[in-house]
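Student: Take the sequences, apply the hints, and build the full model.
2 protein chains.
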Amino acid sequence: MRILLTNDDGIGAPGIQALWRALSNIGQVTVVAPDAERSATSQAITVHQPIRVDEYCITEPKLCAWRVGGTPTDCVKIAVEELLPAKPDIVVSGINLGPNLGTDVLYSGTVSAAIEGALYGIPAIAVSLDTWQNGDFSIAAGFAAKLAQTVVQKKLPPNTLLNVNVPAVAADQISGVAVTKLGVRQYANTFERRQDPRGRQYYWMGGQIVENDNDADTDIVAIKNKQISVTPIHFDLTNYGLMNMLSDWQLN
Amino acid sequence: MRILLTNDDGIGAPGIQALWRALSNIGQVTVVAPDAERSATSQAITVHQPIRVDEYCITEPKLCAWRVGGTPTDCVKIAVEELLPAKPDIVVSGINLGPNLGTDVLYSGTVSAAIEGALYGIPAIAVSLDTWQNGDFSIAAGFAAKLAQTVVQKKLPPNTLLNVNVPAVAADQISGVAVTKLGVRQYANTFERRQDPRGRQYYWMGGQIVENDNDADTDIVAIKNKQISVTPIHFDLTNYGLMNMLSDWQLN
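So the protein lines, in turn, are chains R and P.
Following this note's numbering, the numbering of the first sequence begins with 359 at its first residue and continues without gaps.
Following this note's numbering, the numbering of the second sequence begins with 359 at its first residue and continues without gaps.
Please note: incorrect hints may appear among the correct ones.
Identical chains blur together in the list; that is why a pair holds if it fits in one copy or across any two.
Claimed, not checked - In silico SDA-like links for lysine to any residue, alpha-carbon gap of 25 Å or less:
#1 K513 x D594
#2 K504 x L442
#3 K584 x M603
#4 K445 x G557
#5 K420 x G557
#6 K445 x G564
#7 K420 x K445
#8 K584 x S496
#9 K582 x Q559
#10 K504 x P372
#11 K512 x M603
#12 K504 x C422
#13 K513 x M601
None of these hints come from the bench; they were simulated from the model.
Tutor: Written out as structure tokens, the structure reads:
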């Protein structure tokens, strides 16, 4: 089983290294990951500047990888098109430090890397841990490795991937796995206005999560209930239901 | 009619300036656009560094705008949350120099800005011209202004936007407007390997479009037939059809 592993927190992040070690137990892992943090880069690609690729190794055990001066989606593209001898059996992206839930997946580099895998016809999963600080990635890594095996064995339909979010709690606190739909995530007070040391104004994007009324079967509610959330994701953005209505608009 | 206008080619690009002038004839336009080119940034947001905003004016007629050191999606966010006195009636993004067709919309900053508008509950359209060089934006700008009026008058369902691509031909060469679905766009030879002046290797992402068998009702075929393509877009990435299948996988 040949596994392509990437992330958006950068190749030095603890999340990818935990997953790297866990996946090495079940298959042949090639890591191709960004050289630095590329959080919230969505499905951005680098087309207006060169992309550097070099080797990067970790120890205990010694594992070597490709470090890319680009986005998560760049990493999947360059892995499939240049670096790997053959298409991998699965693309795994993560483990992200921080959840990727609901409408926030639109901004997620982690999820977008998995989408890119699916665009190449490769089964893919994205994995995130529901904490912003010092997570223990072991449960998420173990679940991801098991799920990767299941996905390769059972197959996914074309143009589909799985988005996994894992609660940041001890193993005995997790109340099972829920198959979910994406919820809605909104933020209040998104921008903070500040002054730099020279008196010039700037903004910093932040914001507090607004508690939406999300359905019981959403990823957001599952994580609140300390369940591992698995959401099947597609990326066909056509709103077919609206095509007839628009045809009546007589746009000609 | 209050219009928020943005793009991903940057505020100095001819495409947005043509649209700015055209939209000024039909409503009160506020331009909030990136300070430089942000092509292919998808729905990336700037969360790990500050965002600068300053004033930017053009002449004949004199029009002033907000110039943002961020992505197209940042522009829509900061416009709605900080810069505008009230939600606009419509978000218009473009005119992009280059088409945004088929699966390529996943990478598009132009389309993502319109998605961000729809996330705020604002009707939105993205407009692109099917040429990479020195386009004549007048036809696209005229069509976009007419469409913006129609959208505000007829309304769009929630969580929906329109993706418009305009052929780069003279007005009498355009064979009408087609309501389309997204096609599939693939590239061959995506990466060129090169050496820098110091002998170090780098990659540049490029690639030639592969001719896919796209259905007759896709945006890609419409543009080939010199039609203006209008595709209704949604952004609910849940694959509902797969939820039952996954429940049978017994992931617990």
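Student: Of all the hints numbered above, which does this structure not satisfy? Sort the numbers upward.
Tutor: Hints 4, 5, 9 not satisfied by this model.
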